[in-house]
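J.: From first to last, the protein sequence lines stand for chains A and B. Following the working numbering, the numbering of the first sequence begins with 12 at its first residue and continues without gaps. Following the working numbering, the numbering of the second sequence begins with 12 at its first residue and continues without gaps.
To be clear, the hints were calculated from the coordinates, so they are not data collected in a lab. Please note that a few of the clues may not be correct.
Said to hold, decoys possible - Covered stretches of chain B (in silico footprint by chain A; criterion: 3 or more residues with CB under 8 Å from a CB of chain A, positions within the stretch not fixed):
#1 51 to 65
#2 189 to 197
#3 229 to 237
#4 273 to 286
Yeah, the Cβ is synthetic: ideal placement off N, Cα and C, and Gly gets one too.
Protein chains: 2
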Amino acid sequence: MTLAMAPLLLTMGDACGIGPEILVKFWLEQPQLARHCIVVGDPDVMRRALEFVGAKAWHVHVVSEPLLRPAESAVLPVWCPVRLEAGLSQIPVGGVDARSARASVVCIEAAVQALHQQQGRGIVTAPIHKAAWHLAGVAYPGHTEMLQVLAAQLWASGQQALLLPVRMMLTNDQLRVVLVTVHQSLRQAIDALTVEGIVQTLRITDKSLRALVPGNPRIAVAGLNPHAGENGLFGDEEIRLIGPAIEQARLENMDVQGPFAPDTVFMRARHAPPEHPAEFDVVVAMTHDHGLIPVKYLGVDHGVNVTLGLPFVRTSPDHGTAFDLAGTGLASAASLTAAVRMASQLTNSFK
Amino acid sequence: MTLAMAPLLLTMGDACGIGPEILVKFWLEQPQLARHCIVVGDPDVMRRALEFVGAKAWHVHVVSEPLLRPAESAVLPVWCPVRLEAGLSQIPVGGVDARSARASVVCIEAAVQALHQQQGRGIVTAPIHKAAWHLAGVAYPGHTEMLQVLAAQLWASGQQALLLPVRMMLTNDQLRVVLVTVHQSLRQAIDALTVEGIVQTLRITDKSLRALVPGNPRIAVAGLNPHAGENGLFGDEEIRLIGPAIEQARLENMDVQGPFAPDTVFMRARHAPPEHPAEFDVVVAMTHDHGLIPVKYLGVDHGVNVTLGLPFVRTSPDHGTAFDLAGTGLASAASLTAAVRMASQLTNSFK
Chain A
12 MTLAMAPLLL TMGDACGIGP EILVKFWLEQ PQLARHCIVV GDPDVMRRAL EFVGAKAWHV
72 HVVSEPLLRP AESAVLPVWC PVRLEAGLSQ IPVGGVDARS ARASVVCIEA AVQALHQQQG
132 RGIVTAPIHK AAWHLAGVAY PGHTEMLQVL AAQLWASGQQ ALLLPVRMML TNDQLRVVLV
192 TVHQSLRQAI DALTVEGIVQ TLRITDKSLR ALVPGNPRIA VAGLNPHAGE NGLFGDEEIR
252 LIGPAIEQAR LENMDVQGPF APDTVFMRAR HAPPEHPAEF DVVVAMTHDH GLIPVKYLGV
312 DHGVNVTLGL PFVRTSPDHG TAFDLAGTGL ASAASLTAAV RMASQLTNSF K
Chain B
12 MTLAMAPLLL TMGDACGIGP EILVKFWLEQ PQLARHCIVV GDPDVMRRAL EFVGAKAWHV
72 HVVSEPLLRP AESAVLPVWC PVRLEAGLSQ IPVGGVDARS ARASVVCIEA AVQALHQQQG
132 RGIVTAPIHK AAWHLAGVAY PGHTEMLQVL AAQLWASGQQ ALLLPVRMML TNDQLRVVLV
192 TVHQSLRQAI DALTVEGIVQ TLRITDKSLR ALVPGNPRIA VAGLNPHAGE NGLFGDEEIR
252 LIGPAIEQAR LENMDVQGPF APDTVFMRAR HAPPEHPAEF DVVVAMTHDH GLIPVKYLGV
312 DHGVNVTLGL PFVRTSPDHG TAFDLAGTGL ASAASLTAAV RMASQLTNSF K
């Protein structure tokens with residue numbers, strides 16, 4: 012069995028959030044795409060989600076390993092990791108629960124191990140709840156850090172398991188943005204900028220984007236300061252750090268331009284043909300909000316979060332557990348669907 | 012003659028840029044709106060602009076003061092300040108020229124004096140060139156600083172002419188943004204944030220927006236840090252500065268909410284009815300690019316720059332002299348038209 016035939020592994024996420032429901036909705040709404048996917052989760056939680064959505068004709072089909080998913084219609088294939096504790100579907104939806112948090116961790120671990128054993132070709136993660144993880148004593152602040160550690164443990168070739176540098180990419184129908192810094196104060200983010208960190212971001216971006224665009228990815232780099240520093244008048248990070256990083260990337264034959272004024276580069280990279288074809292395939296932004304403000308401006312319904320730099324493909328919908336919607340069957344599967352589609356594109360040409 | 016009948020004063024800008032041409036195009040394309048406007052500039056430069064645009068049937072009508080504009084059609088009314096030097100229309104378009112820079116300064120001075128004498132009801136400034144001003148030894152870095160000084164000189168009631176606090180508002184069809192900090196490095200902008208500076212911005216915003224929206228303006232405040240600081244985890248400016256400023260503004264009966272996560276508040280304030288009516292009338296942003304990235308994301312064709320806090324209305328198109336387009340007649344008057352429309356709205360209900 013070749014890797015191309017291995018399914019995308021869709022982890023259930025927090026059993027008390029909207030994750031199980033939007034997975035069910037995805038299967039109902041996107042049968043073609045879903046043929047290449049399997050849920051990693053608890054069968055009873057997924058049966059409850061079928062009820063929430065009102066999918067009466069459907070049933071859960073439990074498989075013993077991801078590669079053995081069924082081909083029947085109106086069937087939700089679920090691979091249940093052995094270490095999952097019982098009774099998860101008895102926990103009421105809509106709130107923080109430590110058992111539900113631990114179960115979400117078990118599913119992610121199992122999925123990554125399956126990826127390592129070539130039983131899956133990529134992972135799409137339904138939302139977990141960070142405060143629930145904290146309550147349950149989970150050591151990781153979120154998905155990304157956990158995936159970094161698991162990747163280091165499983166894929167490391169040397170004696171020491173070093174964390175791989177990863178970057179967050181946010182995408183929607185019109186724009187792709189990769190962030191150099193993420194979850195820290197704006198002051199600390201500025202302090203954290205280095206030539207090496209920016210070059211590393213450009214390398215990761217260039218490598219990952221090759222799966223999505225023909226030829227060399229056209230990378231635009233946004234400056235940090237107003238007008239990209241106006242030749243040093245409004246800050247020197249463009250001269251000291253960003254410019255030299257771009258030079259280095261060009262020496263490595265990447266198609267990188269900038270640093271551009273932050274207030275117009277995202278407009279230039281917006282892809283809305285035929286009137287407005289993008290000038291660039293992706294924008295690298297120095298800070299969380301320079302990058303995410305334009306990605307989210309037109310709405311978050313189709314936003315996808317992609318973790319770049321891991322030894323496997325990982326995408327996720329760009330929203331949380333939405334406890335207030337859990338159990339209603341009303342949550343939209345649009346972002347999850349976009350995440351599966353992106354994972355599918357990335358894995359079809361992943362090297 | 013009452014102030015309401017006084018015209019909007021449209022300053023010519025740099026004679027070598029696209030300013031004169033887009034003024035002509037505005038008169039050709041927007042006759043209704045233009046009836047309430049007059050050019051403050053050089054008649055020969057404006058005649059040359061009529062030629063660039065190919066408006067053969069049109070001619071310039073020079074008036075001796077702004078209130079005496081003609082009512083005929085196919086006529087461009089121009090008020091020529093007496094101190095304007097001769098020969099301006101002999102300077103080739105498309106480059107930096109000190110005489111052209113000085114002339115743009117004379118027009119602005121004359122227009123503001125006319126405003127002070129109630130011969131105009133607001134000013135719309137066509138683009139000047141900052142490097143040309145610098146070359147010509149003009150003491151101001153740009154329009155805004157010059158207008159602040161002129162306002163202090165002419166409108167000051169006490170002995171000392173204090174600079175009035177002003178703020179930059181950028182608007183388009185969907186979004187209004189007011190900036191707390193503008194042209195400095197991102198580091199310096201963070202250092203420059205104070206409770207008083209933010210409260211002042213909220214007061215100026217609240218007062219100015221009353222001319223544009225019914226009732227109390229709904230003001231959203233964007234945080235500085237990712238997730239608006241996540242309760243102090245990613246920076247404390249929201250707790251130390253922005254939160255207390257919002258509290259103060261509420262004590263003064265303003266409708267102010269926030270601080271909100273920067274990456275989603277602009278999406279929420281985007282006005283695209285009926286699908287997406289805005290939750291807020293304006294967003295106050297801490298930094299230049301947090302505010303301008305979303306305003307410019309969908310394009311700058313209809314962007315308008317408004318200087319809030321002056322004793323008069325001032326708007327301008329959101330672009331520069333575009334030397335590469337000057338003389339071709341191809342530059343778009345869309346942003347200038349939007350700027351005139353905004354000035355018209357602001358002055359119709361300006362108190």
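J.: Would you pick out the hints that fail for this structure and give their numbers low to high?
T.: Failing hint: just 1.
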